[in-house]
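Given chain A, work out where chains B and C should sit, using these hints.
Take a look at the letters that make up each chain.
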Amino acid sequence: MTATDFFSLMPLIIIATAAVIVMILIAVKRNHSVVAGVSLAAFALAFLSLFRITAVTPHTLPPLLIIDNYALFYMGLIFAASFAVTLLSYNYLKSYNFNLEEYYILLLLAALGASTLAISQHFVSIFLGLEILSVSLYALIAYVRTWERNLEAGLKYLILAAQSSAFLLFGMALVYASLGSMNINDMAQLLSGANLGPLALIGFALMIVGIGFKLAVVPFHLWTPDVYHGAPAPVTAFIATVSKGGVFALLLRFFVAIDIYNYESLVIAFSVIAIASMIFGNVLALLQNNVKRILAYSSIAHLGYLLVAFLSGNNLSVDAATLYLTAYAITIMGAFSIVSLLSGKEQESDKLEDYRGLFWRRPVLSAVFTAMMFSLAGIPLTAGFIGKYFILSAGVHSAKWLLVIVLVLTSVIGLFYYLRIVVAMYSAPTDDMPSQPGISRSVSFSGVLVLAGLTILLVWFGVFPQGFISLIQNMVSSLQDVYLSMIV
Amino acid sequence: MISIPMEFGLILAGTLFVLGLIGLMVRRNIIFVLMSIEIMINAAGAAFIFAGAKWGEPDGQIMFLFILAMSAAEVAVGLGLILQIYHKFQTLDGDTVSKMRG
Amino acid sequence: MILIWLIAILMIGGILAWISQSWHKNAPRWIALIAAGVDFVLVAVIWLQNLSKVDLTGQSQWLFEVNYQWIPQWGISFFLAMDGLSLLMALLTTFLGLLSVVVSWTEIKERVGFFHFNLLWILAGIMGVFTALDLFLFYFFWEVMLVPMYFLIGIWGHENRIYAAYKFFIFTQASGLLMLLSILGLYVIHGQNTGNYTFNYFHLLGTDISLFTAAWLMLGFLIAFIVKLPAVPFHNWLPDAHTEAPTAGSVILAGLLLKTGAYGLLRFVIPLFPDISELFTPAAMMLGVLGILYGAKLAYAQIDLKRLVAYTSVSHMGFVILAVFSLNELALQGAVMQMICHGISTGALFILVGAMHERIHTRNIEDMGGMWETVPRMGGVGMLFAMASLGLPGLGNFVAEFLILVGAYQVSIFWTVLATVGLIAATVYSLRIVQRVFHGEKIKDWKIPDFNVREMVVMGSMIAVIVWLGLFPQSVLNTAKHTLNSLQQRKVIEQTAWQTDSQTLNQNTSENKTIIK
Chain A
270 MTATDFFSLM
280 PLIIIATAAV
290 IVMILIAVKR
300 NHSVVAGVSL
310 AAFALAFLSL
320 FRITAVTPHT
330 LPPLLIIDNY
340 ALFYMGLIFA
350 ASFAVTLLSY
360 NYLKSYNFNL
370 EEYYILLLLA
380 ALGASTLAIS
390 QHFVSIFLGL
400 EILSVSLYAL
410 IAYVRTWERN
420 LEAGLKYLIL
430 AAQSSAFLLF
440 GMALVYASLG
450 SMNINDMAQL
460 LSGANLGPLA
470 LIGFALMIVG
480 IGFKLAVVPF
490 HLWTPDVYHG
500 APAPVTAFIA
510 TVSKGGVFAL
520 LLRFFVAIDI
530 YNYESLVIAF
540 SVIAIASMIF
550 GNVLALLQNN
560 VKRILAYSSI
570 AHLGYLLVAF
580 LSGNNLSVDA
590 ATLYLTAYAI
600 TIMGAFSIVS
610 LLSGKEQESD
620 KLEDYRGLFW
630 RRPVLSAVFT
640 AMMFSLAGIP
650 LTAGFIGKYF
660 ILSAGVHSAK
670 WLLVIVLVLT
680 SVIGLFYYLR
690 IVVAMYSAPT
700 DDMPSQPGIS
710 RSVSFSGVLV
720 LAGLTILLVW
730 FGVFPQGFIS
740 LIQNMVSSLQ
750 DVYLSMIV
Chain B
417 MISIPMEFGL
427 ILAGTLFVLG
437 LIGLMVRRNI
447 IFVLMSIEIM
457 INAAGAAFIF
467 AGAKWGEPDG
477 QIMFLFILAM
487 SAAEVAVGLG
497 LILQIYHKFQ
507 TLDGDTVSKM
517 RG
Chain C
13 MILIWLIAIL
23 MIGGILAWIS
33 QSWHKNAPRW
43 IALIAAGVDF
53 VLVAVIWLQN
63 LSKVDLTGQS
73 QWLFEVNYQW
83 IPQWGISFFL
93 AMDGLSLLMA
103 LLTTFLGLLS
113 VVVSWTEIKE
123 RVGFFHFNLL
133 WILAGIMGVF
143 TALDLFLFYF
153 FWEVMLVPMY
163 FLIGIWGHEN
173 RIYAAYKFFI
183 FTQASGLLML
193 LSILGLYVIH
203 GQNTGNYTFN
213 YFHLLGTDIS
223 LFTAAWLMLG
233 FLIAFIVKLP
243 AVPFHNWLPD
253 AHTEAPTAGS
263 VILAGLLLKT
273 GAYGLLRFVI
283 PLFPDISELF
293 TPAAMMLGVL
303 GILYGAKLAY
313 AQIDLKRLVA
323 YTSVSHMGFV
333 ILAVFSLNEL
343 ALQGAVMQMI
353 CHGISTGALF
363 ILVGAMHERI
373 HTRNIEDMGG
383 MWETVPRMGG
393 VGMLFAMASL
403 GLPGLGNFVA
413 EFLILVGAYQ
423 VSIFWTVLAT
433 VGLIAATVYS
443 LRIVQRVFHG
453 EKIKDWKIPD
463 FNVREMVVMG
473 SMIAVIVWLG
483 LFPQSVLNTA
493 KHTLNSLQQR
503 KVIEQTAWQT
513 DSQTLNQNTS
523 ENKTIIK
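If you're matching them up, the sequences are chains A, B and C in order. Heads up, the numbering used here is the position in the first sequence plus 269, with the first residue counted as 1. Heads up, the numbering used here is the position in the second sequence plus 416, with the first residue counted as 1. Heads up, the numbering used here is the position in the third sequence plus 12, with the first residue counted as 1.
If you're looking for bench data, these hints aren't it; they were derived computationally from the structure. Some clues are possibly wrong.
[As the list claims (entries may be wrong)] Pairs of lysine to aspartate or glutamate, EDC-like flavour, derived with a Cα cap of 16 Å: (1) Lys459/C - Glu385/C; (2) Lys37/C - Glu119/C; (3) Lys459/C - Asp316/C; (4) Lys504/B - Glu622/A; (5) Lys515/B - Asp455/A.
Pulled out of the complex, with its shape left as it was, chain A reads as follows (with noise of 0.2 Å):
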């Protein structure tokens, strides 16, 4: 390898070297502040080192790992996330008394398993990425383990990931078996335009289920709900942001460069998807009584908008979902750092009862919970607004009439209960409520740092987003780029 490699994969390098010291710095002694504050610096370190490499994109690692700009937004995205779910954790963990160390390598290894995925153009790395990843969730999402629904949580979701790998890996190996190789773009060359045959549809197929599982859109979300309620919410946080942005921009990388937009019966299986991942998402997210779980299912409706983005195939889809994506990170943060930030010791403050009148006790946290409820309705002056509305503006570019107007039509359901949950916040509080022990615990520095970071992030994309979208077409439009070259 050459120092350029070297110099290129720097991020990883920094977090992986993190998660040693971490182990190094546990086995001399145990103290949950360094051990967070080793942690912070690293996502901090790893995100500056971004902006070094942007002088040497686009590098090709051949065969594994390509690290371009789109690469690179992606992992800033990843990495920052991070960092904000440390923040909260290091809150969240504080009041527990068992060993919490080891939780910050599980994360940074996490992290690493999700930004290998934003690098990968092989199987091979892929593979590593994700199962780099889950096998960190697992422990993560059971770290509690006190707690019963933490276990509970934990094991769902070990075996809807285990079981989401064994498709993908299947489809791999039918794909592999069908085109004769396992890299990215020597598959894109092979293909071409070129008709699949029925083994490799298969294998694509098997590998659209795998994906699904991840990304727990319909049909494949059966469990995604118990896995959020279940597991601490920093943890919850990061599944909903780091964890779906690193598969998400695996999906993109994948389907955009062996452009999928020539395979009909995939747009049409993506197609469906997307359309029953928005409906049930948004119908079933009505029925629930618990914000975590509320979220959990608006999470897979919201998914369901960035398929329609990235199904729009015209030259602003990467852009448009790239934008949704974090507009959608940067909200589904900030309610979960709500939820977490109130929360109290094994018991944590979900349910919609708890929520009821916080707006007259805490007014500056219900204000910013409402912006994220208005930001995930899609509601002006957030940066949801401007997410959807490039969504839409995508659909409408391609004339993919049918899954724009089911867009609007299930955000309008999708209105009821983000306004359930507002209209529960600002409802004139009873005495005689239960009170919950988290809810008037006062917000630590770190806790007001993540949600004002957040809020002036929400509305300051919402207001002025011409340098957000230029920065995205800077970075992401790479992807099309470097196929289109490469196939011409």
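Relative to the frame of chain A, chains B and C by itself:
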């Protein structure tokens, strides 16, 4: 040396995969569920080897090595979880453990 | 620049009002009063300055404009402009906004800061809607005015407020999203035709769209606007929202939010889709007349006084649809007058009902009766605005409805005759208010104070305006003239072009039309 067509191998792998999937859906005991998943993953590994043999490349076997390593890690974490669950619930029945609904 | 200030003053005032809650209990009220007052004075000064200028022909229809890049990648600009129509609407907005701050002075006792924040932000959103000329920006402000309104109803409303707030929000959001789709469709078609992707109103104006597509796109806009207006099949949210909202909320809903629907029809639907609008005229006139009669019938059947007034809005706004789609000078002038007069007269009735509810804690018409003796000032004011509502000559509403009927008569005699029946119905329900509340038997012996000085100032100013509108409508009509002319001009150009094309040029008619313009 008699060469076996790749399709036969893939059919074998596919059968194993489906068997694993059926086990996953039918079995209630968590250990068996875990085993079923292992079968599915290993079926995928076998498919990689057959595919690699067809193209005359070592890639399929390399992939299989990775799969072995990762599935071992998965099982290790899985068994750890199962131990904890047995501690808490005194049972390995999946339905009993599953309390969250909706 | 002044346009940005008009919006910014309200927004900044709103934030200050919210923050100032912790300084002093009354601070938010004063800040809101000052912010709304300054805005009103600014708009009034603009109006007075331009009163003499605007009816000069040949000069551009637009008095001010600001145009900044906002999201250049998507062709979105921060483009505000004001013409006569916008100016009148802005005047109405600031006037009613100022009054709503004053009428909430004692009604709102809790969370005063947040209340005034919402109030001022609604006004800012409405101001934006009336001045935005970038379609994306328009949608943006359209939403900005809805969210605080939702809070206003949902937090400070009456018993059934949550349900009403939900209904209001869902109706308007759903229709708004359809409009967004239409805006996007228009944007994409224009972009594909010309290679210029932009949301600029002027660029989009002459977009060449096939009739079929245009029909669908217009439908999206139309639904958003007639839900807001509201026309009859979509009027369902209105009585609930009006009834449950606090007084200031009802005044703004009836006086301003409904007008944004009418304004949208005038500013966007007709100019952007002239051909389809023309085809749609018979259906629109039917919708209008349906609204007039159905609204009047329902108004008559109500026993909740506030609900009654709410239904009269449905009836009055029916006239606006009728007028907008008649598309001739008289009818359009009538529509503008109706928008303003209805804002004033219904606003006043809502304030009256609110004041009464504050005193006797019921809105049930059956508990009232014979109140003239106890509260003569309320009675007098109520009488006057009931007369305004039924269209008594000398008051603004008469001018408006008369112009509309004369204008519509030239288009369809049948629907005009039916609409006239609405006037009779208006007489019936308006007199019923006066009869049941102020005259007749005393059902209960209410001991309540009459209007105080603050309330009399509010009412006095509204009476002055409605009488002035009735006696001197010309100044308003002059202000709007230029805008309305250009609306018609477009129609004439379209028609002559069509006639030339089809070789059936009739020299006489086309000359006539040119003269009308």
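Tested hints:
With a CA separation close to 11 Å, the supplied pair Lys459/C and Glu385/C stays within the 16 Å bound. A distance of roughly 14 Å separates the Cα atoms of Lys37/C and Glu119/C; the hinted pair therefore holds under the 16 Å criterion. Taken as a hint, the Lys459/C and Asp316/C pair is broken in the structure, with Cα atoms around 21 Å apart against an allowance of 16 Å. Restraint check for Lys504/B and Glu622/A: not satisfied, since their Cα atoms lie roughly 28 Å apart, outside the 16 Å limit.
Pair hint Lys515/B plus Asp455/A does not hold up; C-alpha atoms about 47 Å apart against a cutoff of 16 Å.
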